[in-house]
Amino acid sequence: MKIINRTKGIVAIGLVFMVLACDSYLDVNENPNNPQDAPISGLMINSTYESALNVYRIGDIVSNYVQYLASPNPASASDTMEPVSNNNTWFSLYNVMTDLTVLIDKAEEQGAGHYQGAAEVLMALNLGMTVDIFGDIPFSESFNFETVTPKYDADQELYGVVMNYLDIGISHLNGETTATMGSDDFIYQGDVAKWLAFANMLKARYMIHLKNTGSYSSEEVLASVDNGFQSGDDNAGVNFFEQSINPWAEVARDNADLLLGGWISEQFIQALDGTSYNTVDPRLPLMVGATDDGQYIGTENGAGRGDAPEQGARSTLIEGQYYTSVTSPILIATYSEQKFIEAEAAFATDKSRSYQAYLDGIVAHMNMLGVPQTDIDTYLAGPDVSMGESAFTLNDIFKEKWVALFLHPESWNDARRFDYQYENFTLPANLNPDLSGQFIRRLPYPDSETSRNGNNVPEVTLLDRIFWDTE
Amino acid sequence: MKNITIILFLLLGCSSVLGQTITGNVADASGQPLPGVSIIVSGTTRGTTTDFDGNYSITAETGDTLEFTYLGMEPKEIIVGLNSVIDVSMEEDSEQLDEVIVTAFGISQEKKALGYAAQSIDADAISQTKQTNLVNALQGQVAGVQITNSGGAPGQSARIIIRGINSLDPAADNQPLFVIDGVPIDNSTVESPNTPRGLSNRAADINPADVESMSVLKGAAATALYGVRAANGAVIITTKKGQKGQVRINLNTSVGFEELNRLPELQTQYGQGFSGEYDPTSFWPSWGAPISEVAQTVPGHKYQDNWNRAFNTGVQSDHSISISGGGENATFYGSFGRFDQKGIIPFSDWARTSAKLSGTVKVSEKFDFSGSINYTNSGGNRVPHDRFMERMMYWAETQDVRDYINPDGTMKTYGNTNPIYDARFSTYEDNVNRVIGNLNFNYSPTDWLMLSYRIGTDFYSDMRSEITPGPKGIDGENSLSSTGFIEETRINSKDITSNLYVTLKKQWNDDWNTSLRLGNDIFQRKFDRVTATGEDFVIPEFYNLNNTRQIFASQNKSIRRLVGFYGDLMVNYKDFLYLNLTGRNDISSTLPKDNNSFFYPSVNLGYVFSESFELPQWFTFGKLRGSWAQVGKDTNPHILGATFVSPSVFPLDGQVGFSRNSTFGDPSLKPELTTSIEFGAQLSFFQSRLDIDVTYYKSNAEDQIIPVPISDGTGFSEYITNAGEIENSGVELVLGVDIIKTDNFQWTTTANLSKNDNEIKAIREGIEEIVVGSQFGYAGSTVTMKLIEGEAYGNLYGTSYQRFGADEDALFLQRGLPVIIGDDGFPERNANQLILGNAVPKWIGGVRNQLTYKNFELNFLIDFRADVEQYNQYDNFLSAFGKNEYTLARNDLRIFDGVLEDGSANTQEVWLGQGVGPDGRDYGAGFWRNDYRGITENFVQDASFVKLRNISLTYTLGNKILDRIPFSSLRVSLAANNIILYSPWDGFDPESFSAGAGGNAIGFTGLGFPGTQSYFLTFNFGL
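Protein sequence lines correspond, in order, to chains A and B. Count along the first sequence from 1, then add 88; that gives the number in this note's numbering. Count along the second sequence from 1, then add 34; that gives the number in this note's numbering.
Looking at chain B on its own, in the form it has when it is part of the complex (with noise of 0.2 Å):
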């Protein structure tokens, strides 16, 4: 006992008792606390750090000059006079903004400290990029982070990965942890589970303009603190705070319009029918003969320029309003915010209603707390955007796709169903209600220890309701379902999450410092969703479940629980070399009791050598990082062991079956373990003119826990085990540079660069493959994504053509050899699937630009991703139906490009038409139809890409305008977004994608919503 007590009063005596004790506080310019200040005694050793709350006690002389240190702000040095209070206000130094970092718990940390890769965006950042959904901000701004917008939709998700995909299992949720203020959120897209209908990842739900900063921790080093749930990385949100001063109002304002940014090359000659013959009747829209030649009979015949003509313009409005201030002891900030927006699919639509309190109280030196409420409420009417592609596709070129409707309300149509008449009537309508809200308390009963406490809480119910009409009763009527169905869905969602911390610090002398943070961490998820489906109106379009003749539920609920220890030690030796370790134990309810409880270490180190070397004038700034840590995850709730299930086609006459559930999973499963390490260096030249920031890392997950597709003559079709091992490892590269830096004129530049590269190095004893989904081709022509041993993930297999001389065992399609041309003259194919791309991007990247001339500001943020292919879906559609420009060979007579089966040249000439040719042989349906559509070759295409994602002009009021009106500041910007799109690839913007961003088949475009290009006007007043 003895011992510990002397340990303490070393821990607390070490300021000496000399001179007078002064006291003070550090803030920022606009008053907000400075944490972490380092302050001297200029020529002695004496020094200190401010507290949480920018407070400070030293013990100086009159006379002495203290020295205040901060990075990220200009030094200042003082004297001390005859004032025992000193209250400092340091200024930004605008060179290095960017130095500080928000870290996991909220903790903000000098960059130049961290032995791991990080990297933030600001408001302005998020802002300038017009983005309703947070995830797409960070769109091209940030290294080794992919976000890929699944498509055109008002409210439509978006797909986050950091670092390459890390589970084997095709179900896995690979994107980071979201949270904000500290508080993990809920960032989950729960797809429409029958036709897709682009709904929203939920962290669509914060409004952006809200968001004060965003920083993406990518490594296991970054986010050991978060333990399990942050094994994918995590995005550190802050939201915006009142400060002290003076009562601030902004009111920002903004209207975009949005079309459709791409269209795939269509054909406009041919018209409605089959075999070159006009049918005004036919289900096939364009085999039919040349439109011109048929107008000449029929009046009115022409092409109608459907693909442009259904498509609306969208319009977005967006306002929000906030109000922040602060005094002393206390700030607040409050905001309101709506937005909505109709999207260029007709009938479909999103809003967000926001609203903000938060606030700070100080109580005491030693006690304060904050606390944040925010609600919203989202929602809108999600057309069916795969069927209304589709529809599309069926629909003729040569009969007005807007003309939908008849006086009755029925639907007009000449026999296919009409995409707008589907989008307007079969609705899909979700509510979401949603309340994330945190307290914090800070009590340091001494200048070396504070115990800290936040409790927070994500809310969220979603409410859906899904109706397609049943006929109207009237006699011819085309209806959209003979009998119709309602779907009623109530999803509640509850998150709680307790943090228990306490840190103590420890200036040692003047070269050791040191921190250390032990704390309990406490996790629940409770999700509940009850789904009832009515089928079959008694009263037509009168939409409730009790006027159905059948209704069906169904219920799922699951409750997740995670307790958490951890520590975190962090060493700074002379501010130049600095040591982190870390080391976590979860418990989690997911798995085994007998494994259920997992530890993980972690450690980094920092070392800026320009601080320990002397450096040439140039060479501003030099540090060498490296990381080795590794970090644990459980599974999904309810999965051990066998059950049963009953069927969902029960009850059948009050009867209700069980099956056994055909996955089992493992009852000794145990944590997967994923390991990783990093190197990289942080350079910094000419005063910063040039920043460099490159980093290498690799990580292995390993012991995946992942549903093995077993023989089904086990008596289950899925085991749920550890097995397996992903490989990610890249290279991340990020550069800034002010290009121009002069009083008037100032032009800065950030780029990113990132390779990733993936392999699967082992799946599990006998077992070949993981299908990871598939999509639908005519004839055959589907494509599959497939994992198998030694190769990256998201390998496309499909149908190709028969290549001369090709190896038999080969994996990959031989695309240089030779084309086998068969007996008929026609491309040989070759049923066997063999990888035809991947649908993963090698390369990714992004540049933004800011130039500023006097009050004009010009942003442009470029980004571009590379080596990537994916399967065209809609291509193979169009090829099908006779639509792309490429089709418009159908009467040609063509020499296959190729060998015989024996190696000599193909000189067999052949017609592509449908029915007899020039030459009285009968080619039935034609070469489009019969061989092109069924080749997966013809449509694993380049979806690499470049985008102009967005520019802005902004024009900021002068002080001398301002001051003759009520305003304190005045904004006015312009805005378009992916207004210029290049890509290799044929059809819609390549980046939309079928799946939504809770799917890892990204590979699959389908009949994803388009992609659209945006134009904005913005206003921002300041009062």
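One chain only, chain A, in its complex shape (with noise of 0.2 Å):
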């Protein structure tokens, strides 16, 4: 019995042993490649980055509808406004306001001021673009993963969401860090006070398109201007690198090696070669590439290259260019959109204000190409561009800065704004035919969050406007 009794001892206790092993035997599962917590500076880095990239990505959708960019092929659904599915875009900006919200909590609870202001900004930033090409989107509901299937805010509460991400954003800039940013931070290096002229550049921004709703104030839209950049150098942009290059420029070159894209429309030559108007602009040869034959010539947009062949005889996208060299940044925010903003603002209550705005958005440009004084001098001269503060129009603002803003997804804004009303602007042909002969007004739902969240994507046309694009 003795030994039976030490035998069962022996087998429990093996047992328990059994037991014992297998639990740490099986306590493997914890991932050892993707780590469980990121530290705020590597968010910082990835957010920075994503968003000079998701400003591309916007950019590239939109650049056929402002009439930028037209496809070398016919009928190109990009140039004729039919639905495209953007999943890859719409991902992308959830992707960065994943990770902002993420950033902003640790920032917040590491007491790090100045990440989390910062984070905030480009909150703001993703939020309003996603806002101004799709409307009502999901967000209250968004990244804090209480259901599969988020609700739709609408656009107008969101506006007001972005407007307080920015001012609370400014608030934390403002205040206490016990983290330092700097070469985490891929648009200012940690600059702060760059930052908050940044904040305040998008407050104006914002604004600016709420100037035909009730909700809207020249001087709040100019007060930000004053807090907003002082020149050129606050510009707000991701300068890109040898292992990872532009993206514009990426486009050029695949389009040098026949993968076609980055064909210039012929509406943005004629506005620059002197035929829509009559000063011939000096930026032309140094925004698009010539023929072989060292001639500027478009592509209507809709209507694909005719016989024209693969390369040679359209202006394209080069590389090597301001827009398209291999560490050219993507331009978040520019001086000079801020000049026309306050060109804009101004116009109605401080008309010279407005006008000498407006000429120093031109200029502010030109000397981010690089444009010789001389050519600047010349331009400036011209009646077309120097028509006296009294002959000066709104149409005239929104033209420089339809130029100024080249590739620029604030370009549609304006477009939408603006009525689509730039001069010799057509409708692409073989627009399509449910658009009944107008533009384009919002991007479609992307496919992805119709087959996932099919019951709260509202039901929506092409023809079915942003709230800020009042009628």
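To be clear, the hints were calculated from the coordinates, so they are not data collected in a lab. There may be inaccurate statements among the hints.
EDC-like, lysine to aspartate or glutamate: derived pairs with alpha carbons at most 16 Å apart [stated by the list, open to error]: (1) Lys560/B / Asp115/A; (2) Lys608/B / Glu645/B; (3) Lys627/B / Asp700/B; (4) Lys704/B / Asp628/B; (5) Lys627/B / Asp111/A; (6) Lys795/B / Glu736/B; (7) Lys194/A / Asp125/A; (8) Lys795/B / Asp737/B; (9) Lys560/B / Glu118/A; (10) Lys732/B / Glu793/B; (11) Lys487/A / Asp448/A; (12) Lys789/B / Asp901/B; (13) Lys336/B / Asp437/B; (14) Lys704/B / Glu736/B; (15) Lys732/B / Asp791/B; (16) Lys820/B / Asp448/A; (17) Lys591/B / Glu118/A; (18) Lys274/B / Asp437/B; (19) Lys627/B / Asp115/A.
Quick one: dock chain against chain with the hints and give me the complex.
See below:
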């Protein structure tokens, strides 16, 4: 019996050991590739980088709508304003906003006020960009994973959220911080004063969108402008890298390799080459490439290249120019844009300030591109450009802002506010018949969203307008 | 305690103490011990069975007759004499050879006793297929098993699916577990992450010449003992062993040639250029002027027949030698094999060197052990077949594709990249070193108890090196890349399996016989993959990471552990009723701690009614069987919760960014559960001249662990959780007929046929679809495979022609309705995604014939699949580039068959050509490019086929001649594979597909490595 008892004991101990051993033996599921947590610095690096890319992504989508670019292929959906499902851009926008949510929470926990403030400014930027193209979107039920089918919030309410993020962002940037940003900030390398200017610049941008709505005050816009960028040195953007080249440079490079893209629209060429306006713009050869014969020939939106061969007969983006060099910045907000906002805001109340801001905006952009002073002077002397304060109209502001915001998504916001009334602007060939002869007013919701969150996705047409795009 | 002692006594004390004890060993003709042979003293109720080593012990008196019976063997009767040791050699009963089958843990079981369907093929059936990849050797031979050869590249992977796809997860591995001599091995396929290269599935590392038999365990009932890893079934491979007696040496040598087996229908009339105009530098290969017309002014201009000339005749050689033998207490088997193959795409090759050593040692009557070790080195140059085929597409038919290189080594081209130049210089070499080994120990302290321990390992390293050269620095060169790159990949995978079990056997009386097995099973896999990429070579043509301007590196590692406890009880009543109960509890490291332990049972019953009823003489054998089983399934390691990733673009200027992973693994994930039922009958007539086996099965996989795509607005894009259910049901039929059976001439046919129906019963509320994959098509004709509730796995979605009167809500294209013709006279396109076909074959089957006449043997295997559609991407490309035969209709006038919007018949005549037509209208790029290529419907095509998979003729030298030469046996055979292929498909062999065996996107044939046909000459010598 003793032996049996002892045996029982050994078996029991053995079993206990086995169970314990089993427990730790099986405890190997922690992810060895991806950490459970990330430093705020790492999140800041990716968020600044991806925010710039989001500007590019939306710029890429809308550049055919604002007729900077045109497809070399006939009836291309982007030219003809067909519904295109922008799953990847939608994902990228939410991906950054997710990271920013995490970054804001973590920075708050750690008392890293400057990180928090900068993250809030970037959140305002990404949210604002998303609302401007999609209107109502999920946000209040987002990022906390309480539902897999988040509801859609009204675009107008979300503009309040955008402004709120900018305001608290400013207060956090002005406040204490336990950690200082540095080279982990791809936009300003930790220059908090510039972040504050950027936040104010964005306030001005989002407020000017509201010009035709009830909640608009030109004074507030101008106040933000005053606290905004002081020169082109304050421009917000991310310079690209040898390892990861500027995406527009990539478009140009691909086009040279016959993966066609980046063909310049006829409207853009004609606006700068003296066709639509009398003054020849010295910026044209700095922004786009010429044909083999040294000519600047655009492509008609929606018509495709016709008989033209793949190379050499049309203007395209070419690698190595201001917008298309390997390490060129993707610009998020510029001093030049801010000057045009100032011009628009002051137009009704202080026309001379407005006119001066308009001229300053042109010069700021030309300086950015490195236009020689003599060429700047010649251009400014043109009667089409310096028409004088009294002859000066909002149209002039929109035209010059359109040129200065080449490839930038803000141009589509302007185009819709301006009702696409640019000189000689025409509907693309083979226009989507569902648009009944009108320009596109918004993007459709992406297929990824309709297939995953179908019950919440609003029914929209491409003629439905974002709340600030009043008729 | 007392009770237990009594029970122990009862277990032990069942033999009466009369007469003398006869002991002995029962073996087959080759000396291999036979376990489980039933021995009865004639006219009494005394009986026993042999143990695992064929030993028995029974009490009998002199003059008694011992009856030895064993399924698959001729019964034997022996009269007890004075000798108390009686060793028996039993002869195989040729009638019933296939009646023994190796099941879980390498246990040979009588098929008669199984309550579920299982099928096996032997060494002859494997070697006759001339397949170097074991998976391919199963092709067409086993009911319910679908093998798809992913292409004709040397060493390329083959995919095996048993009874349909069981997971909604697009990335799931739906393939069965591979087990060699009781030890599971890795059969994964790791495809090149860049352009597809046709890598191998790891079972290709096994030399088929070493394999004795392969059994396929199909249902959950058959696989309950392997647990979660065999939830998709199991392929049990038994390797050859040494046998008692003389040392045998076997030498096998084979040479083979292969060529392209099928081409699309191509046009040979129009050459380079566009809009019918000749241009020798044009990107467009075939929209130019008629070749014959241009040839009048341009000397040497002709159709180059590139499609036949670009491909080589492949060569393969396979040599293997084995030495085996054994004495009273030990046996051994050693082999060495070398296989070399050069493929039909120039510069593709693959080789395998394998060596194997195994042995068994009987230390005493109570203890024996065995072990085996198998080393393989395999790998080759994997050409970028996808790009090769794409570049063949762009290459002008009037430019010689073989004239690809300049004397200075740069590419010779008129403009487009030459496919052969790319295949030669864009290299991707893999080099796998692998060791598979196992050790088995058996200890039987008494005849009713046996302890067994088995430990197995499967270690491999896979070194891969991909090089795309940059420019050589020669003026005017056309380089393959503006920078060039080198990518070095190192994969290390280590599997360890440990299995400890105890077997208790008990013959209660004449009627009741039981066997109980209890065990513990531990599995671990460690995987590590490191990739370093260097871009932009400083010194041209010097390929080393140190010589690049930018280096990126990444690492992916994982560890998975499983601990299982199992029990298996077999009850045999009067040799006609067999009951089998199993239960298993698995604990997986991959699941949340609270849910990581899960139990699942199974029960199956076999009833041999032919032994309990008097049946007519012609009704030889009859069995009914049924089973119910569950099997759990864990998930991949390291998926739970939220993590952060550093996107691959970093570091940038020394900075490393992080982003939250967009996949979130449910922290309360629970195991998947598959429940299956199976009913079947096994019937045999006319002394087994006719065998029939029918099976019905249904399996439901519930609580599937799938990455549910969720709104990006949640902060994640994928939520790995339990959702959805998928059902597979089907019927399998196996037929064996001895058509002719005379002394000189035999003709045996084995046929199998199976039908599988699949339905996605549920996904998850609010989630409408899961996208498995998509493949590019020109002008919006991209095809997508999507899963939706209520439909089958494998539906292909795409654009179609508008149909008059079509139901707006219809999911499926209504092909029967008339096409709507637009105002321009051309068919209207419907951009809405409709279901155009399904890529999972509903019917598969095969027929194997074996004809023997004197010393000649003719074998042929035909297999087929039906009711299956695939996306013919190649056809899409050909139509876009004006290369296939139907684009000859490029200058025709046509009135398209169809109706106008108002339903009236179309009468408008249009021109199909490019540019301005004879009617003065500008038709732009023409019908084929403007319309035809943009309609997915045109390219989702019937991919059924019937193949003469293999035919071989073998001559075996007769004894008269053998006596005069130093060989104990000599065989010569001629064989051919895939020489006949019937399919409505227009293109290369429809079996090839893009994804490789690792993926589930099977309906996309894409630009896969084209299928081949091959011819072999083989000599086999025995010494």
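Exercise. Hint by hint, which ones does the structure fall short of?
Worked result: 16 and 18
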